[in-house]
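Chemist: Here is how the chains run, residue by residue.
2 protein chains.
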Amino acid sequence: MTPAEFREAGHALIDWIADFREHIPEQPVRAQVEPGEVRRSFPAEPPQKADSFSSLMADLENKVVPGITQVQHPMHYGWFPSNASLASVLGDIASSGLGTLGISWESCPALTEVEEVVCDWMRQLTGLSEQWRGTIHDTASTACVTAMILARERASDFSKNGNGLQSVASPLVVYSTSQAHSSIAKAVQLAGFGQHNLRYIDEDPYTRAMLPMALSEAIRGDLAAGHIPAGIVCSVGATGTTAMDPVAEIAAIANEHNIWLHVDAAMAGSAMLLPEYRHLWEGVEAADSVAWNPHKWMGTILDTALFYVRDTAHLERVMSTNPAYLQSSADGQVIQYRDWGIPLGRRFRALKLWFHLSLDGIDAIQARLRRDLDNAQWFRERVETEKDWQVLAPVPLQTVCIRHEPPGEDGQPMTGEDLDAHTLEWVGRINDSGQAFLSPSLLDGRWMVRVSIGVEGTTRKHVEQLWDLIQASV
Amino acid sequence: MTPAEFREAGHALIDWIADFREHIPEQPVRAQVEPGEVRRSFPAEPPQKADSFSSLMADLENKVVPGITQVQHPMHYGWFPSNASLASVLGDIASSGLGTLGISWESCPALTEVEEVVCDWMRQLTGLSEQWRGTIHDTASTACVTAMILARERASDFSKNGNGLQSVASPLVVYSTSQAHSSIAKAVQLAGFGQHNLRYIDEDPYTRAMLPMALSEAIRGDLAAGHIPAGIVCSVGATGTTAMDPVAEIAAIANEHNIWLHVDAAMAGSAMLLPEYRHLWEGVEAADSVAWNPHKWMGTILDTALFYVRDTAHLERVMSTNPAYLQSSADGQVIQYRDWGIPLGRRFRALKLWFHLSLDGIDAIQARLRRDLDNAQWFRERVETEKDWQVLAPVPLQTVCIRHEPPGEDGQPMTGEDLDAHTLEWVGRINDSGQAFLSPSLLDGRWMVRVSIGVEGTTRKHVEQLWDLIQASV
Numbered sequence: 003m004t005p006a007e008f009r010e011a012g013h014a015l016i017d018w019i020a021d022f023r024e025h026i027p028e029q030p031v032r033a034q035v036e037p038g039e040v041r042r043s044f045p046a047e048p049p050q051k052a053d054s055f056s057s058l059m060a061d062l063e064n065k066v067v068p069g070i071t072q073v074q075h076p077m078h079y080g081w082f083p084s085n086a087s088l089a090s091v092l093g094d095i096a097s098s099g100l101g102t103l104g105i106s107w108e109s110c111p112a113l114t115e116v117e118e119v120v121c122d123w124m125r126q127l128t129g130l131s132e133q134w135r136g137t138i139h140d141t142a143s144t145a146c147v148t149a150m151i152l153a154r155e156r157a158s159d160f161s162k163n164g165n166g167l168q169s170v171a172s173p174l175v176v177y178s179t180s181q182a183h184s185s186i187a188k189a190v191q192l193a194g195f196g197q198h199n200l201r202y203i204d205e206d207p208y209t210r211a212m213l214p215m216a217l218s219e220a221i222r223g224d225l226a227a228g229h230i231p232a233g234i235v236c237s238v239g240a241t242g243t244t245a246m247d248p249v250a251e252i253a254a255i256a257n258e259h260n261i262w263l264h265v266d267a268a269m270a271g272s273a274m275l276l277p278e279y280r281h282l283w284e285g286v287e288a289a290d291s292v293a294w295n296p297h298k299w300m301g302t303i304l305d306t307a308l309f310y311v312r313d314t315a316h317l318e319r320v321m322s323t324n325p326a327y328l329q330s331s332a333d334g335q336v337i338q339y340r341d342w343g344i345p346l347g348r349r350f351r352a353l354k355l356w357f358h359l360s361l362d363g364i365d366a367i368q369a370r371l372r373r374d375l376d377n378a379q380w381f382r383e384r385v386e387t388e389k390d391w392q393v394l395a396p397v398p399l400q401t402v403c404i405r406h407e408p409p410g411e412d413g414q415p416m417t418g419e420d421l422d423a424h425t426l427e428w429v430g431r432i433n434d435s436g437q438a439f440l441s442p443s444l445l446d447g448r449w450m451v452r453v454s455i456g457v458e459g460t461t462r463k464h465v466e467q468l469w470d471l472i473q474a475s476v
Numbered sequence: 003m004t005p006a007e008f009r010e011a012g013h014a015l016i017d018w019i020a021d022f023r024e025h026i027p028e029q030p031v032r033a034q035v036e037p038g039e040v041r042r043s044f045p046a047e048p049p050q051k052a053d054s055f056s057s058l059m060a061d062l063e064n065k066v067v068p069g070i071t072q073v074q075h076p077m078h079y080g081w082f083p084s085n086a087s088l089a090s091v092l093g094d095i096a097s098s099g100l101g102t103l104g105i106s107w108e109s110c111p112a113l114t115e116v117e118e119v120v121c122d123w124m125r126q127l128t129g130l131s132e133q134w135r136g137t138i139h140d141t142a143s144t145a146c147v148t149a150m151i152l153a154r155e156r157a158s159d160f161s162k163n164g165n166g167l168q169s170v171a172s173p174l175v176v177y178s179t180s181q182a183h184s185s186i187a188k189a190v191q192l193a194g195f196g197q198h199n200l201r202y203i204d205e206d207p208y209t210r211a212m213l214p215m216a217l218s219e220a221i222r223g224d225l226a227a228g229h230i231p232a233g234i235v236c237s238v239g240a241t242g243t244t245a246m247d248p249v250a251e252i253a254a255i256a257n258e259h260n261i262w263l264h265v266d267a268a269m270a271g272s273a274m275l276l277p278e279y280r281h282l283w284e285g286v287e288a289a290d291s292v293a294w295n296p297h298k299w300m301g302t303i304l305d306t307a308l309f310y311v312r313d314t315a316h317l318e319r320v321m322s323t324n325p326a327y328l329q330s331s332a333d334g335q336v337i338q339y340r341d342w343g344i345p346l347g348r349r350f351r352a353l354k355l356w357f358h359l360s361l362d363g364i365d366a367i368q369a370r371l372r373r374d375l376d377n378a379q380w381f382r383e384r385v386e387t388e389k390d391w392q393v394l395a396p397v398p399l400q401t402v403c404i405r406h407e408p409p410g411e412d413g414q415p416m417t418g419e420d421l422d423a424h425t426l427e428w429v430g431r432i433n434d435s436g437q438a439f440l441s442p443s444l445l446d447g448r449w450m451v452r453v454s455i456g457v458e459g460t461t462r463k464h465v466e467q468l469w470d471l472i473q474a475s476v
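Order-wise, the sequence lines are chains E and V.
Here the working numbering is used: the first residue of the first sequence is 3, the next is one more, and so on.
Here the working numbering is used: the first residue of the second sequence is 3, the next is one more, and so on.
Check the hints yourself; a few may be wrong.
Same chains, same names: a pair is fine if it fits in one copy or spans any two.
[Said to hold, decoys possible] Below are the SDA-like pairs computed for lysine to any residue, each with C-alpha atoms no more than 25 Å apart in a straight line:
#: 1; residue 1: Lys463; residue 2: Ser131
#: 2; residue 1: Lys65; residue 2: Asp333
#: 3; residue 1: Lys463; residue 2: Glu39
#: 4; residue 1: Lys51; residue 2: Asn257
#: 5; residue 1: Lys51; residue 2: Gln379
#: 6; residue 1: Lys65; residue 2: Asp434
#: 7; residue 1: Lys389; residue 2: Gly334
#: 8; residue 1: Lys463; residue 2: Pro398
#: 9; residue 1: Lys463; residue 2: Glu28
#: 10; residue 1: Lys51; residue 2: Pro277
#: 11; residue 1: Lys65; residue 2: Pro5
#: 12; residue 1: Lys389; residue 2: Trp18
#: 13; residue 1: Lys51; residue 2: Gly459
#: 14; residue 1: Lys51; residue 2: Ser131
#: 15; residue 1: Lys389; residue 2: Gln473
#: 16; residue 1: Lys51; residue 2: Gln126
#: 17; residue 1: Lys389; residue 2: Arg431
#: 18; residue 1: Lys389; residue 2: Ser443
#: 19; residue 1: Lys463; residue 2: Ser435
#: 20; residue 1: Lys463; residue 2: Asp159
#: 21; residue 1: Lys463; residue 2: Gly418
#: 22; residue 1: Lys51; residue 2: His13
Keep in mind the hints are simulated off the structure, nothing from the lab.
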């Protein structure tokens, strides 16, 4: 395709995207397709000759769009917000159009250095001190795998350079809680520790926060057994109920025992753009690594996961390779991001953060976050004051965990499997309707419903609509 | 930013990109900036208020563009081609514009199912049998880490679910060659095997292909020592000289000993789109995993790395987690790509492959690849027939490894450090000039120059220009 052909098709595509975005509120929130339906609408065999752009766009419209769950829909309250602000989309388009290659500083100095700049801007905007250096990963899951490998190597005296993890005589242990995101257990497993070496520390029964005393005890027990405490993953805004582990107390314990402390603030990191919320990760300065996702609530389009460390020498020692064909005279004077993560090659991801910050402005982003926090408190109050409804966990951010617990047939409050069936029924009815989307999730083995507020387009009016819809559904 | 504002800015951006692409041939190939120059052109502190789109675009033009090494330039012959075809850029723009979220089938059924469709199309287009199932990773490096973890878990009876790699009494061993990409050693280290458990098997001194007999011997030696052979990485088109390990013979050995065989065809995978080149990976059907990068020579914009396995049950058993908040009624009927790789969330990457195949058409892609293969042979012949010039390795694909070996001051052919200095001098002169870009690389401890042909815009005329330029530079 020539630049001239691209120009023509590109204009049509921009209009199509703008139209698509304008009409999202009229779409069902959750895709209304059956498993396999989208796949079967495509030919099983690859196209043998080129197609026209207009025919391709018709397929995009007719085959793909119906298969999209509209996470940009103002009535989407599922999982966590996954905003893709149009300002950041422009940055992403610029990245695609430039067609750069990030395998070394030399392959695109601007790609490396703008990433340096925006990671440092984000550091300042979240109140982290100058000791932190950041990079952009695809997801917090990948950042966590990296953190677990950094922990493993510190605790094993760089076993990777010798005979590997197998050469370490005593088991290496990682600590977290049952509230931690599923990617934590996955990271521990992928890094080779083994699931049995992941300790789920007791939590406060209401706040679901890790109990530091229980952590200390577990570490003492492991030390007594000759094990090596290697890593702690502390959740700031855990997925289920946005539980907040007490970072300062955990960091003190981690430092006492020289254990790598990774702070997973995938969701709550956005709140750190608001100075009045930074107490939620107080103590973070004493951690070893921090990850959070601007591609969630803040709204820099996926994939934008920030990963900060204090000890970049350790990071590079663990993650670096230095093949001859990538050596250059700039070595030693510049960052080689290939030595800061798993993949060798990277896209120019910094552009979407730069565009987002520059075009929307931090003031507007902060105002939106505060709006969502207010809406969550408003919603919590509604649920709390309504008969038969329960708010099941504190609401430190924008997610409210609720359950409808009406009397059962015997007049007693519904419990057990009856309650589970009731919960899944009413939330299923809403999700099936396409009018809104909510995530059911398990808490203490029972289903509850997470109302996660924070789509860019979600205003108070939409939250009011949701509450009406929920009440009508039970 | 509203859709209306996006529409206006988007049109301007499309024109800017089309202009940028049109004018690439007038740019220096390698960025002419000093380390830190781009970074220092940005404010050290984050923007406090929103900027206008036109001011941002001026910064993009004036600060970012000079810091780009133009890998889309027709005179770029460095590393490997990293084509970003404009057809695939349109697909990428569509992906950004849609703002979808891939954390489960339910979060965007179309994202999952179109990925299924295009991975299967690519399977057919490269002649792989129906036993293979594919997914898109960011890079072949990440695919290799995944393959090494799959190998580790098969050889350790899923130690990840128990006490981890440390609980396995005998060392697990991986085999490759010194020609293998640096990401192979990195993957072995990250997966916890330890560098000492990576065996570099002897190569043919001219073709640099792994010697199957030497592999057999190494495995026998490890077995005799009580070690556990766990993985083999076979390179099809290794980075240095595009060496081709003999897949069929290696696969026979792997199967005999039940060792996971990963085929790294990051570069050469594109050639498998040409039926007449598929003999280069003959035997691939007996491997366990295969990775290759359409984002290299084929030209589907980064990040598009295909990863195929035969045993998806093993893949899912190793990589899956199933958190409550992501469970849905579709489970078991659909693919959950989060269980096929490291990250939980993914972009709608399939769109760029779909757009690329549909808009450019496979015929045109094949014709371009054949053009490059012809150009490489033409170039090889020129070098071979010119006095004092050497072609240092076979040219099975599009990369020609060359050296100028003139007589030294004593009249004898230049060798050793004199030769190294001469090589780095002439290639440095070309790279500094901005007229073309070539990668120097080490072969047997001495510098040589890789001429990697295959940028979308590189025609015979450009290759002729390069040869003139090279001859004038020595």
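Chemist: Please go over all the hints and tell whether each is borne out by the structure.
Modeler: Okay, the hints, checked on the actual structure:
| no. | hint | result |
| --- | --- | --- |
| 1 | Lys463 x Ser131 | neither (39 Å within a copy, 54 Å between copies) |
| 2 | Lys65 x Asp333 | between (48 Å within a copy, 22 Å between copies) |
| 3 | Lys463 x Glu39 | neither (34 Å within a copy, 48 Å between copies) |
| 4 | Lys51 x Asn257 | neither (62 Å within a copy, 39 Å between copies) |
| 5 | Lys51 x Gln379 | neither (56 Å within a copy, 28 Å between copies) |
| 6 | Lys65 x Asp434 | within (20 Å within a copy, 49 Å between copies) |
| 7 | Lys389 x Gly334 | neither (65 Å within a copy, 38 Å between copies) |
| 8 | Lys463 x Pro398 | within (22 Å within a copy, 64 Å between copies) |
| 9 | Lys463 x Glu28 | within (16 Å within a copy, 54 Å between copies) |
| 10 | Lys51 x Pro277 | between (56 Å within a copy, 17 Å between copies) |
| 11 | Lys65 x Pro5 | between (27 Å within a copy, 23 Å between copies) |
| 12 | Lys389 x Trp18 | neither (46 Å within a copy, 58 Å between copies) |
| 13 | Lys51 x Gly459 | between (41 Å within a copy, 21 Å between copies) |
| 14 | Lys51 x Ser131 | between (56 Å within a copy, 22 Å between copies) |
| 15 | Lys389 x Gln473 | within (11 Å within a copy, 86 Å between copies) |
| 16 | Lys51 x Gln126 | between (51 Å within a copy, 15 Å between copies) |
| 17 | Lys389 x Arg431 | within (21 Å within a copy, 79 Å between copies) |
| 18 | Lys389 x Ser443 | within (22 Å within a copy, 73 Å between copies) |
| 19 | Lys463 x Ser435 | within (19 Å within a copy, 61 Å between copies) |
| 20 | Lys463 x Asp159 | neither (56 Å within a copy, 54 Å between copies) |
| 21 | Lys463 x Gly418 | neither (34 Å within a copy, 76 Å between copies) |
| 22 | Lys51 x His13 | within (24 Å within a copy, 29 Å between copies) |
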